[in-house]
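Asker: Sequence:
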Amino acid sequence: MKRYLVNHTYANYQSNKMDELGDVYRSMNHSERMMCKMEGYVCKRTLCDVTLIAGQKRIPAHRLVLSVASDYFAAMFTNDVREAKMDEVKMKDVDADALSALVQYAYTGE
22 MKRYLVNHTY ANYQSNKMDE LGDVYRSMNH SERMMCKMEG YVCKRTLCDV TLIAGQKRIP
82 AHRLVLSVAS DYFAAMFTND VREAKMDEVK MKDVDADALS ALVQYAYTGE
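The C-terminal position of the sequence shown is numbered 131 in our numbering, with every residue numbered one higher than the one before it.
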């Protein structure tokens, strides 16, 4: 039987992961909380490892988030192509506002 906890810390999750009955504890909003934190990081430009450039617009991001949200970015960042190692990636023939909206969607689902 699974028990769902709404709020708990990672440390509590680790120490209470399995009780003597073998029940598994799971946070119902873990993914949402993780993405909220990632969005906060990108807004503060914290831990960003790539900047996308479209026109004059510079968009900081995390390769992992972009790769999870888009097969295009997954191919760009996980294969042996030059963009995989670049800190700044120029997106040719891409509308800056459309790219910005795409990155926002990757972080927020909106």
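Think of the hints as simulated: they come from the structure by calculation, not from any bench.
You may find that some hints are simply not true.
Pairwise CB distance ranges, derived in the manner of DEER restraints [to be verified]:
hint, residue 1, residue 2, range
1, S91, C57, 16 to 24 Å
2, D44, K78, 48 to 56 Å
3, D114, R54, 35 to 43 Å
4, A95, G61, 19 to 27 Å
5, Q77, R47, 40 to 48 Å
6, Y46, D108, 22 to 30 Å
No more than 25 Å apart at the CA atoms, straight line, and that leaves these computed lysine-lysine pairs for BS3-like [claimed, not checked]:
hint, residue 1, residue 2
7, K106, K78
8, K113, K58
9, K78, K111
Here the structure is a predicted model, which is why all the values come from computation and not from measurement.
Backbone N, C-alpha and C define an ideal beta-carbon position, used for all residues, glycine too.
Asker: Any of the earlier hints contradicted here, and which numbers?
Answerer: 6 and 8
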